[in-house]
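Next come the chains, spelled out residue by residue.
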Amino acid sequence: MANATMNSQVAGASSTVSFRHSFADRRTLGNSILTGLAVVLSLIAMFPLFSVLYMLLVKGAAMLSPTLFTELTPGAGMDGGGISNAIVGTLVVVLVATTLALPLGFMGAVYLAEYGGESRLATVVRFAAKVLTGLPSILAGVFAYALVVVTTGSFSALAGGAAMAILMVPTVMLTSESALRAVPAKMKMAAFGMGATRAQVVLKIVTPTAVPGILTGVMLALARAMGETAPLLFTALFSDYMFEGKISQPIASLSVLIYNFAGSPFEHQVALAWAASLVLVAIVLVLNVVAQIATRRPEEHG
Amino acid sequence: MADSTLKAPPGPDLSEAFRSSVSRPPTAWQKGFDVVFRNLAHAFGILVVLLLAGIVLEVMRHAGAAMGTYGLRFLTTSTWDANRADFGILPEILGTLYTSILALFIGGFLGITVALVLSQGFVPRRVELVLKNVIELLAAIPSVVYGLWGIFVLVPAVRGPSGWLNEHFGFFPLFSTRLSGPGILPASLVLSIMILPTVTAISREAMAAVPKRLASAAYGLGATRWEVIFRVVLPTSVGGIFGALVLGFGRALGETMALAMLVGNANVFGLSLFSPGNTLAALLANHFPEAGKVEVGALMYAAVVLMLITLTVNALGSFMMLRATRELKGLS
Numbered sequence: 001m002a003n004a005t006m007n008s009q010v011a012g013a014s015s016t017v018s019f020r021h022s023f024a025d026r027r028t029l030g031n032s033i034l035t036g037l038a039v040v041l042s043l044i045a046m047f048p049l050f051s052v053l054y055m056l057l058v059k060g061a062a063m064l065s066p067t068l069f070t071e072l073t074p075g076a077g078m079d080g081g082g083i084s085n086a087i088v089g090t091l092v093v094v095l096v097a098t099t100l101a102l103p104l105g106f107m108g109a110v111y112l113a114e115y116g117g118e119s120r121l122a123t124v125v126r127f128a129a130k131v132l133t134g135l136p137s138i139l140a141g142v143f144a145y146a147l148v149v150v151t152t153g154s155f156s157a158l159a160g161g162a163a164m165a166i167l168m169v170p171t172v173m174l175t176s177e178s179a180l181r182a183v184p185a186k187m188k189m190a191a192f193g194m195g196a197t198r199a200q201v202v203l204k205i206v207t208p209t210a211v212p213g214i215l216t217g218v219m220l221a222l223a224r225a226m227g228e229t230a231p232l233l234f235t236a237l238f239s240d241y242m243f244e245g246k247i248s249q250p251i252a253s254l255s256v257l258i259y260n261f262a263g264s265p266f267e268h269q270v271a272l273a274w275a276a277s278l279v280l281v282a283i284v285l286v287l288n289v290v291a292q293i294a295t296r297r298p299e300e301h302g
Numbered sequence: 001m002a003d004s005t006l007k008a009p010p011g012p013d014l015s016e017a018f019r020s021s022v023s024r025p026p027t028a029w030q031k032g033f034d035v036v037f038r039n040l041a042h043a044f045g046i047l048v049v050l051l052l053a054g055i056v057l058e059v060m061r062h063a064g065a066a067m068g069t070y071g072l073r074f075l076t077t078s079t080w081d082a083n084r085a086d087f088g089i090l091p092e093i094l095g096t097l098y099t100s101i102l103a104l105f106i107g108g109f110l111g112i113t114v115a116l117v118l119s120q121g122f123v124p125r126r127v128e129l130v131l132k133n134v135i136e137l138l139a140a141i142p143s144v145v146y147g148l149w150g151i152f153v154l155v156p157a158v159r160g161p162s163g164w165l166n167e168h169f170g171f172f173p174l175f176s177t178r179l180s181g182p183g184i185l186p187a188s189l190v191l192s193i194m195i196l197p198t199v200t201a202i203s204r205e206a207m208a209a210v211p212k213r214l215a216s217a218a219y220g221l222g223a224t225r226w227e228v229i230f231r232v233v234l235p236t237s238v239g240g241i242f243g244a245l246v247l248g249f250g251r252a253l254g255e256t257m258a259l260a261m262l263v264g265n266a267n268v269f270g271l272s273l274f275s276p277g278n279t280l281a282a283l284l285a286n287h288f289p290e291a292g293k294v295e296v297g298a299l300m301y302a303a304v305v306l307m308l309i310t311l312t313v314n315a316l317g318s319f320m321m322l323r324a325t326r327e328l329k330g331l332s
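Quick mapping for you: the protein sequence lines, in order, are chains A and B. Residue numbering for the first sequence is 1 to 302, as defined by my numbering. Residue numbering for the second sequence is 1 to 332, as defined by my numbering.
Next up, chain A with everything else stripped away, as it sits in the complex (with noise of 0.2 Å):
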């Protein structure tokens, strides 16, 4: 149909060819116009980034001395102070959602990848994974206050661990699956042919292969993770002492601080909300930039 139409118009144009471009032919004109509305759009599309990158260190950069990453937050409308215990707290909570997430989400792959294949059991944990990716985080912090803090009885990092566990393990999966996927079959057969058993297969040749694939999908999953909100906001909570090393108390987390500090009254808070926006950001970009770099290395050499 789209042929048809686009047959009668190219005849009815002119009878003698011509490559001229002007703008008195209405098509292309139009064509113009168009190309720089688009051009427009997409700029507006990518305002907000730097809008946000330049408030950023605007406000951000103005808060940042040694103390902020030594002294604990303050209380309201006190002045000093810093945010260590929410970086202190971010990292654990992250650490321990790797810890829970990383197993789970390894073997789920090693299992798509080597034992599922197409079978009906692997399209079934393919699709609960690819679900899992669309699950709001917050249900996810819904799930892991009715399993962890209504079962012990109290907010805890372990809790906020879990929640955030649940929305590393399905990108973990996915990714580490098409890593241990992209390995060549030729080093499995070559491994096989030597008596090799498929567990020594995936443990000796095609992991350590797949290893930056994996990685990659790690990190991308902690980029994610780590400026995650609602899954903390009723698991770990907030805490304004430093971290003991006992994961079944509260702890504090740069996330929850910024929405925390972001409603306050107090010009102090405000601002330690845009510094710990700042480091969070910082975090989140550089994770970001290693896993496109780690990606991208594969290509290159062929």
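A few of these clues could be false.
[Said to hold, decoys possible] Below are the BS3-like pairs computed for lysine-lysine, each with C-alpha atoms no more than 27 Å apart in a straight line:
(1) B:K31 - A:K204
(2) B:K132 - B:K329
(3) A:K204 - A:K186
(4) A:K188 - B:K31
(5) B:K212 - B:K132
(6) B:K31 - A:K186
(7) B:K132 - A:K130
(8) A:K188 - A:K204
(9) B:K329 - B:K212
(10) B:K329 - A:K130
What the hints contain is simulated information worked out from the structure, not anything from laboratory work.
Keeping the supplied structure of chain A fixed, place chain B upon it in accordance with the hints.
Below, chain B alone, put in the same frame as chain A:
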């Protein structure tokens, strides 16, 4: 190493030669470990399915009592009073759908435009890749940071224009109130920024999958770039683009922090873009940390509603994507 096998002296004791070389049959221990490892991998695969089922069942179990008490009335009334234990989430359901649909219009339109610019040869390939990464970084900014940005940059920025619109076009339902601070419009704008990368990435993939010779054929007939886009590229990739929109919609429905910070948390629903409202996810974020036992039950019920909506929309989106890729494969 393989040489040693070849050079093994020919003799009656060939098995000994094989045993000494690199290749040999696995020992009993290795065979046993292989079986354990295989079962372990299966178990972890099944565990992911159980995790999903567990999330659904556990939240439903905790919502059970509230579901029995409030029944379907919960979905159609609009009070949220913890003291009188009277709960209804109609404004939240409507607010969730309203903000997400607005975000879908703005973010979807911008997202598809960006996908076109990044896939139809408007800019050199190198620039295309750089811009694609910039759009991906847009998705990397945590939603709580967008919330902070929204409070201090976006809300002040839209306050002026919204006041003018209200003054001159106040009869129009969309502009019938004044923006006092947080509200539907700033929330939807941030939401559209947040779904834009999803829409762009997925629809760009669908556009890139359109066979090059289709576009070349149209160019050969003398079509301009935008004629090719509107009559060849978009119609061919329409399935994937719709899938991208549905998945973006699913993301918008479940997005929490930016909304909790920007939507105003008022238990009302109005059509005006400048009125405060609430969404299901924002309700959970704002009430859960300090909720008592009865309120937690009601919140669990709200979580079930949110879960049903998002899982349905996401399953629909994934299904559409699956069908679209299958159709495109048939073309090339």
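Going through the hints against the structure:
1. Note on K31 of chain B and K204 of chain A: the hinted pairing holds, with a Cα-Cα distance of about 15 Å set against a maximum of 27 Å.
2. Using a Cα cut-off of 27 Å, the hinted pair K132 of chain B and K329 of chain B holds, with the two alpha carbons roughly 24 Å apart.
3. Our distance criterion of 27 Å between C-alpha atoms is met by K204 of chain A and K186 of chain A, whose separation comes to about 14 Å.
4. Taking the CA atoms of K188 of chain A and K31 of chain B, the gap is near 17 Å; set against the 27 Å cutoff, the hint holds.
5. Proposed proximity of K212 of chain B and K132 of chain B is supported: the alpha carbons are some 20 Å apart, at most 27 Å.
6. Between K31 of chain B and K186 of chain A the CA atoms are separated by roughly 22 Å; this keeps the pair inside 27 Å, and the hint holds.
7. Proposed proximity of K132 of chain B and K130 of chain A is supported: the alpha carbons are some 23 Å apart, at most 27 Å.
8. Only pairs whose Cα atoms come within 27 Å are accepted, and K188 of chain A paired with K204 of chain A is accepted, the gap being roughly 10 Å.
9. Restraint check: the Cα-Cα separation between K329 of chain B and K212 of chain B comes to about 13 Å, which is no more than 27 Å; the hinted pair holds.
10. Of the pairs offered as hints, the one joining K329 of chain B and K130 of chain A holds, with about 21 Å between alpha carbons and a cut-off of 27 Å not exceeded.
The structure meets every hint from the earlier list without exception.
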